[in-house]
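Heads up: the protein sequence lines correspond to chains A and B, in order. Residue numbers 1 to 132, in full-length UniProt numbering, belong to the letters of the first sequence in order. Residue numbers 1 to 413, in full-length UniProt numbering, belong to the letters of the second sequence in order.
For the record, the hints were derived by calculation from the structure and aren't laboratory data. No experiment lies behind these values; they were computed from the predicted model shown. Ideal placement from N, C-alpha and C gives every residue a C-beta, glycine not left out. Any given hint might turn out to be false.
As the list claims (entries may be wrong) - Simulated coverage check for chain A against chain B, where a stretch passes if three residues somewhere in it have a Cβ under 8 Å from a Cβ of chain B: (1) 17-24; (2) 28-34.
To be verified - Distance windows between CB atoms, simulated: (3) A55(A) / T112(B): 20 to 26 Å; (4) G317(B) / T43(A): 42 to 48 Å; (5) A115(A) / R210(B): 24 to 30 Å; (6) A214(B) / E52(A): 45 to 51 Å; (7) V332(B) / A71(A): 32 to 38 Å; (8) D8(B) / E52(A): 28 to 34 Å; (9) S260(B) / G87(A): 21 to 27 Å; (10) T189(B) / T43(A): 20 to 26 Å.
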Amino acid sequence: MPKYMLLQTYAQGEGCDIPLPEWAPADIRAHIQFQHVLNAELTEAGELVEAEGLAGPEAAKTVVADGKGGAVVTDGPFPEGKELLAGYRVVDVESEARALEIATRVSAAPGPEGAPLRVPIEVRQVMSAPEV
Amino acid sequence: MSRPEVEDLVRTLAPQVLAVLVRRSGDFGAAEDATQEALLAAVQHWPAEGIPENPRGWLLQTASRRIIDSFRSDQARRRREDTVAAEPRAADVPDRDDTLTLLFLCAHPSLTSASAIALTLRAVGGLTTAEIASAFLVPETTMAQRISRAKAKIKKSGLAFRMPEADERQASLRSVLHVLYLVFNEGYTSSGGRRLHRTELSAEAIRLARLLHAALPDDGEAAGLLALMLLTDARRPARTGPDGDLIPLADQDRSQWDRSLIREGVALITAALTRDGIGEYRLQAAIAATHDIALRAEDTDWPRVLTLYTRLEALTGNPVVTLNRAIATAMVHGPDAGLAMLAELDDRLPGHHRLAAARAHLLEMAGEREEAIRHYTAAAARTGNTAEQRYLTLRAARLRAGHSTSRSPIGTE
């Protein structure tokens with residue numbers, strides 16, 4: 001079965017232009033609950049490989065090797081970049097169609113007052129490696 | 001006997017079997033592999049076929065056969081096979097200190113913490129590689145590699161299966177305590193859907209700490225560590241809400257705390273504190289006990305907590321302890337005194353989410369709503385723990401929505 005990675009950035013959805021930390025507490029709860037329920041369902045269906053959220057970019061570092069055995073380490077990238085990865089799911093599914101179906105649900109996660117966020121979810125197939 | 005019962009029995013016997021095999025073969029790595037195989041075989045056969053009359057003997061025999069097979073397949077080791085076969089049975093009598101010796105070996109200071117933890121859980125705890133891997137959320141092959149590298153390191157360092165000499169005993173014991181403490185924390189600070197596996201890690205840490213305390217009944221720190229685990233674990237049922245939300249100490253429903261664990265922990269730490277000397281685990285346990293015996297958050301003896309943190313800080317010099325002392329200071333002398341103390345930590349814990357979280361709490365206490373929101377948000381962005389991130393985000397959101405949150409804000413765990 002093919003594996004797909006569903007990537008989500010910090011980009012706002014069509015359905016909401018307020019960042020999550022500024023939502024009402026009940027809306028934040030409902031959003032988190034939605035993610036839990038979805039993960040539980042995908043686990044139950046035997047489709048979830050992993051689901052991870054990333055710690056904020058505020059604490060991120062970027063490393064570039066200097067070519068002499070050392071490295072240049074800089075702070076960032078910084079949160080201004082909306083294209084930054086916020087989290088991902090890897091699912092192991094029958095078909096691409098099923099991966100897109102799951103992505104649709106992820107994209108429709110509830111925002112303020114339960115309205116679907118409509119965040120963009122990038123769906124990428126995970127390449128299968130030859131057996132080692 | 002059900003499978004879980006078999007697993008419990010097998011795991012209790014694991015270090016005894018391993019110790020005998022190591023003594024007979026002189027090869028820790030091979031003996032450890034053979035023991036693991038025997039444990040797996042027992043878990044596979046016993047639930048259906050019944051427990052053999054002498055389960056320990058069965059395991060020992062199975063593991064011995066495996067180890068002889070492995071030596072046989074390795075020509076260079078042929079001579080040792082004779083030693084294994086010829087060893088008198090008298091050596092099979094378990095030594096009271098075997099578990100302790102194994103703990104010392106597996107947590108040897110020359111190993112990294114990650115390796116020591118994995119090896120301790122497998123060799124002393126009798127967990128399978130697959131179980132350890134799943135508890136630490138890494139692939140099984142990665143965990144297997146971590147364990148085999150640890151064993152290779154032990155072999156290369158020429159570490160023997162014996163009690164450390166008196167002069168190295170203290171350092172070795174510190175490593176053992178640290179490893180068990182890390183295992184416990186790994187299980188305790190877990191979050192979300194992974195709670196199940198990770199909770200078992202705390203239970204395993206407590207089991208191993210009990211073994212350690214039983215082997216060293218007069219050691220104050222071994223008693224202190226066990227007490228700390230029990231007193232912390234006692235709050236587990238109240239520590240998360242139905243949605244997995246973290247509930248800070250002040251807001252926990254204390255009727256859900258496990259009174260029998262608290263009684264046991266308090267008795268342990270009380271006895272340990274009357275012995276000579278003091279150590280970090282005893283102090284931490286004393287702090288946990290002070291919280292646990294308060295029936296309501298407002299009954300907490302904060303001056304005592306502050307005194308204990310001050311002693312702990314002097315002993316460890318750890319900035320996170322200073323942070324907790326600042327919180328205790330705020331509870332005794334008001335938020336401004338605590339905030340002044342936190343200001344000294346900016347250089348020592350730069351950008352640390354815990355510093356931002358503590359500052360946010362004290363600002364909230366001081367009524368500085370906007371600033372508190374700002375620091376909660378900063379802390380949420382920097383934490384690496386999902387449950388903590390959710391807690392901090394919600395705390396900020398509630399303040400923003402104009403709700404007052406809890407009476408006294410602090411979780412000093």
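Do the hints match the structure? See the list:
1. 17-24: holds (count 5)
2. 28-34: holds (count 4)
3. A55(A) / T112(B): 20 to 26 Å: Holds - the Cβ-Cβ distance for A55(A) and T112(B), about 23 Å, lies within 20 to 26 Å.
4. G317(B) / T43(A): 42 to 48 Å: For T43(A) against G317(B), whose Cβ atoms are near 44 Å apart, the range 42 to 48 Å holds.
5. A115(A) / R210(B): 24 to 30 Å: 53 Å, violated
6. A214(B) / E52(A): 45 to 51 Å: For A214(B) and E52(A) the Cβ distance comes to about 40 Å; the hint is violated.
7. V332(B) / A71(A): 32 to 38 Å: 46 Å, violated
8. D8(B) / E52(A): 28 to 34 Å: This hint holds: roughly 33 Å between Cβ atoms.
9. S260(B) / G87(A): 21 to 27 Å: 40 Å, violated
10. T189(B) / T43(A): 20 to 26 Å: 22 Å Cβ-Cβ, so the 20 to 26 Å window holds.
Of the hints listed earlier, those the structure fails to meet are numbers 5, 6, 7 and 9, in rising order.
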